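Keeping the supplied structure of chain G fixed, place chain L upon it in accordance with the hints.
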Amino acid sequence: MSPKIQRLLVWGLITAGILLAVFFGLRAAFAFREFRRHGPPPFAPMEVKNDQTAETDVELIRDWMTIPYIAKMYRVPPDVLLDALSLPRSKSIGEKSLKQLNDEYFPQAEGFVITTVKAAILEFQAQAFSTPTPPVIPTP
Amino acid sequence: MSDFLLTQIINYGAPVLGMIVFIGALGAPFPGTLIVVAAGAFARQGLLAWHTTGLIALVSVVLGDNLSYGMGHFAREAVLRRFQGSQNWAKAESTFARWGGMAVFWTRFLITGIAVPVNLIAGTSGFGIRRFFLYDLAGEAIWIFGYGGLGYLFGMQWEVVSELLGSVSGLALGLVLLGLGVWLGVRQWRIVEARKANVPEA
Chain G
1 MSPKIQRLLV WGLITAGILL AVFFGLRAAF AFREFRRHGP PPFAPMEVKN DQTAETDVEL
61 IRDWMTIPYI AKMYRVPPDV LLDALSLPRS KSIGEKSLKQ LNDEYFPQAE GFVITTVKAA
121 ILEFQAQAFS TPTPPVIPTP
Chain L
1 MSDFLLTQII NYGAPVLGMI VFIGALGAPF PGTLIVVAAG AFARQGLLAW HTTGLIALVS
61 VVLGDNLSYG MGHFAREAVL RRFQGSQNWA KAESTFARWG GMAVFWTRFL ITGIAVPVNL
121 IAGTSGFGIR RFFLYDLAGE AIWIFGYGGL GYLFGMQWEV VSELLGSVSG LALGLVLLGL
181 GVWLGVRQWR IVEARKANVP EA
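Protein chains in written order, with this note's numbering: chain G, 1 to 140; chain L, 1 to 202.
Bound conformation, chain L alone:
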């Protein structure tokens, strides 16, 4: 897949890159980070103009993210019908309202594997579109210009950078899942212990 996409970028340039990051933002399993780093290297090689390419990629990915946020937003009615009044849903909404900005920001460039679910949750939970847009724009700017800049810096050796960034992203996702599992486990354990303490001994 990535080989095919790279060939298309060197043949057709920035519009293809824009299309790839746009479709990737909607959930297609494209190797986005690899493509962005490679595009940086192609810019150094004079194949792509870094400013217009960066701008096209940034606009495309932000558009894709906002579209997937919109999908979540329009699914809100159905979700509310199912969960409205539930204590857990209210808690989840308030937690996302508090930490959602950070979740949107960090999943743009570091924990990219869960970026699309975060977009959908943001839309569904009623997270404000303006806040979403701002955090999204900041995170994606780092992804496009920061990662692309590393590709530019390393030129033909961009594969080394891409491999490192991809692995760090996977590692971060693993640590987040592990942390979430431990946090939920501890919470559950505390509830069980509290229940045990409240049960009067026979």
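Chain G on its own, in the form it takes in the complex:
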């Protein structure tokens, strides 16, 4: 290897190393701040098979998720979500991501599927988890 190529290799490695270290170092610092903010969620008791407590934060819903997956995570019947989207029940729809459903059935309305799914979950959970108010006992 000629000295010129060796010099180029050394400077190439140093430059690439610095660029990568700065870029990922900053990203790691931001990610670490986020990591510290989110503690791990509590586990369900050991006797409960699988941790299947209902998720309530709809901001965790992503475009890659499917209707059956979301239904399972948020403890909402899949039919509730499909009705909200006016989509038929079929296996192929269940295997498509929210993004695919949006592109296929609502191409003119970007983000329609994810917004509708979030709204349907919030509405369902508000009804399902609302605690009944105790009856008012008249005082003599």
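Calculated directly from the structure, the hints in this document are not laboratory data. The model shown is predicted, which means the values in this text are computed figures rather than measured ones. Take the hints with a grain of salt, since some may be wrong.
Stated by the list, open to error - Residues from chain G that face chain L, not an exhaustive set, calculated with beta carbons under 10 Å: (1) 3; (2) 7; (3) 10; (4) 11; (5) 13; (6) 14; (7) 22; (8) 28; (9) 37; (10) 60; (11) 62; (12) 66; (13) 79; (14) 82; (15) 94; (16) 127.
Stated by the list, open to error - What follows is a set of in silico ranges between Cβ atoms, one per label pair, in the way DEER data are often shown: (17) G:59 with L:138: 33 to 41 Å; (18) L:1 with G:127: 34 to 42 Å; (19) L:133 with G:19: 29 to 37 Å; (20) G:18 with L:67: 33 to 41 Å.
C-beta: ideal position from N, C-alpha, C; glycine also.
Same frame as chain G, but now just chain L:
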């Protein structure tokens, strides 16, 4: 890409995960760490059984690594024809024989960006297959069960963990390249200085 792969994992489970890590080990640019952390979260959610999924993923990735080691091994003849007798090649071989185990181990889960080149170099440089297999297995077990375990621990918030691990891996790669560049630079500088000292003054 990662969105598509995640959808396929929640639809078809562990076999797809195994296929992804296997193809990734052969050099396809898949977001392996993100997928493994996500799979841990899916296991917590009851979508995947953690033990069989972990085992399938571990076997698949080790198989992929050993296959890419094999590719390097079969390319050895051609490489030797080109470099045999070269002092630099002999030095590179002895350096890899000494540090190769550590290189294989750390590139499985920390500096994952250069895992495939390390497999190929290991195969080409005649690094023993048994040693390669053992270091590979240990490193990949940490990747699958350690990173997957973090995904399991964080559940639906796995994206935070994945972002942190991905960034730390990139940072480690940057530091390794920087260190290598500085080391080569210093070595070169020393050779030049030694040459200068040996040249008699006119």
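Hints, verified against the model:
no.	hint	verdict
1	3	holds (8 Å)
2	7	holds (7 Å)
3	10	holds (4 Å)
4	11	holds (7 Å)
5	13	holds (3 Å)
6	14	holds (4 Å)
7	22	holds (8 Å)
8	28	holds (4 Å)
9	37	holds (8 Å)
10	60	holds (5 Å)
11	62	holds (8 Å)
12	66	holds (6 Å)
13	79	violated (19 Å)
14	82	violated (17 Å)
15	94	holds (8 Å)
16	127	violated (22 Å)
17	G:59 with L:138: 33 to 41 Å	holds (38 Å)
18	L:1 with G:127: 34 to 42 Å	holds (38 Å)
19	L:133 with G:19: 29 to 37 Å	holds (35 Å)
20	G:18 with L:67: 33 to 41 Å	holds (34 Å)
Consistency note: the structure conflicts with the earlier hints numbered 13, 14 and 16.
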